[in-house]
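K.L.:
Spelled out from the first residue to the last, the chains are:
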Amino acid sequence: MSQTIALPKKANRLRTASLNNKLVNDYWTEVFEAPKVGRKVCWYEGVAINPLMQAADVAWVHGEAWSALLAARNNEEPAQQASENRGYLKDLCSYARTHIGCGVMAQNKGEASGASFSDALGANALADNVPAPDMFISAYPYCSTGQQWDEMLYRLFKKKVPIFNISVPWVWGNKPDSVYLGGSEFREAVEYMKRQLRECVKFIEAQTGKPYDWDKLHEIMHYTKQAGQLRMEAMEMCATKPAPASFFDWTTSLAPVNFVPGGPAIVDYFEKVKLEIAERIANGEGTVPKERYRLFWDGIMNWNKIGWLANKFASYDAAMVAGRYTHMGFWHEHECIDANDPLEGMAINYLVCPINLSAPLMIEQIIKLCKFYEIDGVVLHAARTCRAFSNPQYMIAEAVARRLNLPVAMIEGDMVDESFYKDEVVSSRIEAMLEAIESRKRAGIAA
Amino acid sequence: MNSKEIFAELEYAAEHPLESSKAWKEAHGTPVVGSFPMHFPGEMAHAAGALPVILQENHDPITVGHGMIFPFYCGYTRSVVDQACKGDYDFLDAIMFGDHCVQVLGAADVVRSRLPNTRVHFYQLISSMSDPWSLGRARETFLNLKEGLEEMIGHPIEDEAIRDSIRLFNKNRKMLRQLYEMRRAGKVRLTAKQMQLAVKSSMVMDKAKHNETLEALIAALEAESSTAQKGVRVYLSGHFCQAPKVELLDMIEDCGAVVVDDDLYHGQRFIATDVREDGDPLDALAEWYLARNLKVPCPTRVDQNADWENYLIDAMDRSNADGMIVLMAKFCEPHMFYYPEIKEAFERRGVPHLLIETEHELTALEGLKTRVETFLEVTKRQTRARSAAA
Numbered sequence: 001m002s003q004t005i006a007l008p009k010k011a012n013r014l015r016t017a018s019l020n021n022k023l024v025n026d027y028w029t030e031v032f033e034a035p036k037v038g039r040k041v042c043w044y045e046g047v048a049i050n051p052l053m054q055a056a057d058v059a060w061v062h063g064e065a066w067s068a069l070l071a072a073r074n075n076e077e078p079a080q081q082a083s084e085n086r087g088y089l090k091d092l093c094s095y096a097r098t099h100i101g102c103g104v105m106a107q108n109k110g111e112a113s114g115a116s117f118s119d120a121l122g123a124n125a126l127a128d129n130v131p132a133p134d135m136f137i138s139a140y141p142y143c144s145t146g147q148q149w150d151e152m153l154y155r156l157f158k159k160k161v162p163i164f165n166i167s168v169p170w171v172w173g174n175k176p177d178s179v180y181l182g183g184s185e186f187r188e189a190v191e192y193m194k195r196q197l198r199e200c201v202k203f204i205e206a207q208t209g210k211p212y213d214w215d216k217l218h219e220i221m222h223y224t225k226q227a228g229q230l231r232m233e234a235m236e237m238c239a240t241k242p243a244p245a246s247f248f249d250w251t252t253s254l255a256p257v258n259f260v261p262g263g264p265a266i267v268d269y270f271e272k273v274k275l276e277i278a279e280r281i282a283n284g285e286g287t288v289p290k291e292r293y294r295l296f297w298d299g300i301m302n303w304n305k306i307g308w309l310a311n312k313f314a315s316y317d318a319a320m321v322a323g324r325y326t327h328m329g330f331w332h333e334h335e336c337i338d339a340n341d342p343l344e345g346m347a348i349n350y351l352v353c354p355i356n357l358s359a360p361l362m363i364e365q366i367i368k369l370c371k372f373y374e375i376d377g378v379v380l381h382a383a384r385t386c387r388a389f390s391n392p393q394y395m396i397a398e399a400v401a402r403r404l405n406l407p408v409a410m411i412e413g414d415m416v417d418e419s420f421y422k423d424e425v426v427s428s429r430i431e432a433m434l435e436a437i438e439s440r441k442r443a444g445i446a447a
Numbered sequence: 001m002n003s004k005e006i007f008a009e010l011e012y013a014a015e016h017p018l019e020s021s022k023a024w025k026e027a028h029g030t031p032v033v034g035s036f037p038m039h040f041p042g043e044m045a046h047a048a049g050a051l052p053v054i055l056q057e058n059h060d061p062i063t064v065g066h067g068m069i070f071p072f073y074c075g076y077t078r079s080v081v082d083q084a085c086k087g088d089y090d091f092l093d094a095i096m097f098g099d100h101c102v103q104v105l106g107a108a109d110v111v112r113s114r115l116p117n118t119r120v121h122f123y124q125l126i127s128s129m130s131d132p133w134s135l136g137r138a139r140e141t142f143l144n145l146k147e148g149l150e151e152m153i154g155h156p157i158e159d160e161a162i163r164d165s166i167r168l169f170n171k172n173r174k175m176l177r178q179l180y181e182m183r184r185a186g187k188v189r190l191t192a193k194q195m196q197l198a199v200k201s202s203m204v205m206d207k208a209k210h211n212e213t214l215e216a217l218i219a220a221l222e223a224e225s226s227t228a229q230k231g232v233r234v235y236l237s238g239h240f241c242q243a244p245k246v247e248l249l250d251m252i253e254d255c256g257a258v259v260v261d262d263d264l265y266h267g268q269r270f271i272a273t274d275v276r277e278d279g280d281p282l283d284a285l286a287e288w289y290l291a292r293n294l295k296v297p298c299p300t301r302v303d304q305n306a307d308w309e310n311y312l313i314d315a316m317d318r319s320n321a322d323g324m325i326v327l328m329a330k331f332c333e334p335h336m337f338y339y340p341e342i343k344e345a346f347e348r349r350g351v352p353h354l355l356i357e358t359e360h361e362l363t364a365l366e367g368l369k370t371r372v373e374t375f376l377e378v379t380k381r382q383t384r385a386r387s388a389a390a
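Going line by line, the protein sequences match chains A and D. Following the working numbering from start to finish, the first sequence increments by one per residue and tops out at 447. Following the working numbering from start to finish, the second sequence increments by one per residue and tops out at 390.
Among the hints, erroneous ones may be present.
As the list claims (entries may be wrong) - Chain A is faced by these chain D residues, among others (derived, beta-carbon under 8 Å): (1) M68; (2) I69; (3) F70; (4) C101; (5) L105; (6) T118; (7) F122; (8) I126; (9) P334; (10) F337.
Stated by the list, open to error - Sample of chain A residues lacking proximity to chain D, with all beta carbon distances greater than 12 Å (derived): (11) L19; (12) L121; (13) A125; (14) A443.
To be verified - Derived DEER-like restraints, expressed as beta-carbon distance ranges: (15) D:G67 - A:K422: 19 to 27 Å; (16) A:K210 - D:D278: 41 to 49 Å; (17) D:G256 - A:E191: 38 to 46 Å; (18) D:G256 - A:K90: 29 to 37 Å.
What the hints contain is simulated information worked out from the structure, not anything from laboratory work. Glycine is no exception: its CB is placed at the ideal position from the N, C-alpha and C atoms.
Next comes chain D alone, as it looks inside the complex:
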């Protein structure tokens, strides 16, 4: 298969996660455990013999869900509630989650009320990352999660099974990072949409199957000739629980941007950190949980040892990006809180950036297009001026 055909396969899973995981369940007889973003360790559910699926915002208009959640909530939570109200989650064996974003908690309560026969379990992850007890508390939480999964499957989960899952997930992250490195180095021409499909499909597909697909994809990309794209090198930042609309990503690139890197949840944020493969697996997962935030800081966590704005400036330097586009899901409170820190840091450094607020309902792209074009033009001029001065 060539890379185009492989991406088509990934696209089906990424864009139809419930249908594809339902089909997997029917074909393999495995339970399906849905989870909410962004820090749930899929490794644990996998070790329990389940298919872990990160529940996604879908593209359907929100209808019946409006009867259970206010319109001033982010697109992700409104969409999840809508899907639950429409019965889309009925086939799930459990929903388990650990992030305590207030909007997700609201959605979770509605989801539980709509799924009276499904385990909807919450294992609250400590979100204050730099306390002396943060690591211990994270381990306690993962132990509770393990016990909850054991209760579901009716037998203990062996440590070696968790380590096997960790190895499988690490391999997956490593290959996805390889794709990023190939793109950053200009070895392959991969669009922002394609990168998203590669990562998003990993969130919903069986990991071993996804690994096979990625191996084939990397081989195909290496075999296909490619020339580096020309344009304004742009870094994409933000968008946590939900994937940015691919139409928006396409529009940004159509305007002349080359997306060279990102810290999106459906991107680097999801794949940046591996779990230690030896020793006690719960210790390893707790360490991973804290390490993730240092690797790619997240505004949903509070962490005295992480500075997202500095991370972004360094990440832009590393990827040789000329400007940054911030994608902010409307009503995302952690992002709204942190944005002024980023804005001030970028203004101090004279790094151009553009804030785009996104919504579940795709907003008129034409208006945004003008803003993106202007931003790219300004960025281009600043880059030229800097080169001339150097």
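In isolation and in its complexed conformation, chain A is listed as follows:
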């Protein structure tokens, strides 16, 4: 059920976000056309390995991105119902349930309808019209569920669609030299990832029957690196008060650094975003009409609720300035990428994505962000079916409270299963946190 309660204030969302919608729609339109023009389709999960496929002219469906899109466009229910009917329980990862549900629908239907993306969207029938896979690639960091989800898709398609597994090591740190981006274990993990990425390229070559176009990959990664850099620079500009853009804007802007094809369009997008932010800074324009609180979002996004949450926090005069999900992943370590020899930089970015760091390393990065953005409080979104994101949250809450004296609000929700979100509970937790921030301000305690 969608929320119908009117919120008193609206977030001042970035105008450039509408360009993102076009990029996303164009991309999915191409995916839906792929089988008709003889392009193979790969279903994959986990880190952004799409450049590997783009260089081989393979179309890609990122399971999480697809499930998020279904939720954002209110198309998720048929897929979730199909997976439930097959016996998948509600406590399973809702991304997986939604994506597997599409697989169940494809199996039930027998063949693709050939409907275009816009027709399927218009008919509220995206889920059962996504092109079926010609191959699977699993590249899930940290979360064992990701690999099992792909395995279940592989079995659902009767083991007839080839699968490739990239095993991503968790950055845990047994040895004392383990630091963020460094230490002997991390170096070994990078080398292991590179070996697997090379094997993955061979797998893709075997599926397409064509030699791999490494030059194309270098070109794609050139644009990806630029986009990654521009995005980080634009986000860092939001240290300004009032913050010109919010975590919700950055969430909306993930597509170009997650699954939209690497090319001039994604660079152009972030150039425009950066420009808009610069304009806002010059005009003193904030992401919320009146910025009284600066907050940090820990956890994955609730895709059913982006607009709702953006307005909700705006109505509390709270700017959600940064977040783990947006600021600690998606080519954020762009400096590590050498476009002419990209596998190492890709491996590094995959390994330090927002869930693949053990708690001590992750907490240090969060503390840095909270200091940099002068955060007043932390909202921890415990996604009910995403243990990967929820795992360290009590430790994060403990650390920011002890080390930065920041109040926190722990709220429950989910990525794409709306039923886990309870607005009244969320409101009371946030209000309690804002009250704690107020009392600190009154007492003159610098947060």
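Chain D: place on chain A using the hints.
P.N.:
Here is chain D on its own, set in the frame of chain A:
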């Protein structure tokens, strides 16, 4: 000692693993290495001169642990976090683990934060079993584990020491399998609880001591007269990291089931596969790691060469079981993922099965009892109908 007295001894170790391993440490001066389920090679820690103990879900209510882990996690991880927060693991010299179940990883991070002076080491086992590099990667991981243990004890671990441990562990598995064979053949009357105690105690006791106890148990059982139990022959499947509550097992049998076999982690899954005793021990352990999954497929691994649903159907045939009860620990994601495959395969074959979701907090058994009774009645009728048609 008669079998009852021996089971009482095993029960103490199985139900009080931390107390018994602490007492062992005090008496023998050996370090204690805790591990998380399900694929950690205890042989390696044993070869390092340590007592390997697989950390268990305990029966205590979860209290302080709730402050560090969400309630939508499996009972095992919540219990482990609770035990760590209560200081129960303080006597351990190290915790080492290799399985990367996302919930266990979450628990491990909390455990490490609560044990700042203890080595909490992770040696990530490749969970994709049928890649060309799976075997090599598993060996690399075991080599890292060996180096971590050597660092802990301050000297190298000889290959022969690992082989000695492998022989000891193989002997243990062999005797436990013998108990299963005796039960399957109807030679002894062993309850599901007793089978669990035999296996679970093996996870926490010194292996040589456990072997001695098992030898005595087998001798006692052979000497005691026993008649085959009558009832609906049931196969128990599922429940990975944590042992099913014995009250639940007792209830199933009280309803008229005779548990004839299982693939439980605290059962066949733990003991089914031996390690090669010759050659390079790290090679042997890596081969064992991959072979285990073919012997008893596990949904926590991805393996193109293993099909758990087919394994279960064959295993039921081999043990002449009439129906299967699936015990699923609530929030266990690998099990939730795989269950529809099993459900469909069993429905296609017309094999009756019942899914029971379990929780750390023992749920009301009365409601479950009605479901089990109905299931057994349906199974009985189907078995009769099949016999009549044959």
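K.L.:
Now look at each hint and say whether the structure bears it out.
P.N.:
Evaluated hints:
no.: 1; hint: M68; in the structure: holds, 5 Å
no.: 2; hint: I69; in the structure: holds, 7 Å
no.: 3; hint: F70; in the structure: holds, 6 Å
no.: 4; hint: C101; in the structure: holds, 5 Å
no.: 5; hint: L105; in the structure: holds, 6 Å
no.: 6; hint: T118; in the structure: violated, 12 Å
no.: 7; hint: F122; in the structure: holds, 4 Å
no.: 8; hint: I126; in the structure: holds, 5 Å
no.: 9; hint: P334; in the structure: holds, 5 Å
no.: 10; hint: F337; in the structure: holds, 5 Å
no.: 11; hint: L19; in the structure: holds, 35 Å
no.: 12; hint: L121; in the structure: holds, 29 Å
no.: 13; hint: A125; in the structure: holds, 23 Å
no.: 14; hint: A443; in the structure: holds, 26 Å
no.: 15; hint: D:G67 - A:K422: 19 to 27 Å; in the structure: holds, 21 Å
no.: 16; hint: A:K210 - D:D278: 41 to 49 Å; in the structure: holds, 47 Å
no.: 17; hint: D:G256 - A:E191: 38 to 46 Å; in the structure: violated, 58 Å
no.: 18; hint: D:G256 - A:K90: 29 to 37 Å; in the structure: holds, 32 Å
Consistency with the previously given hints fails for numbers 6, 17, ordered from lowest to highest.
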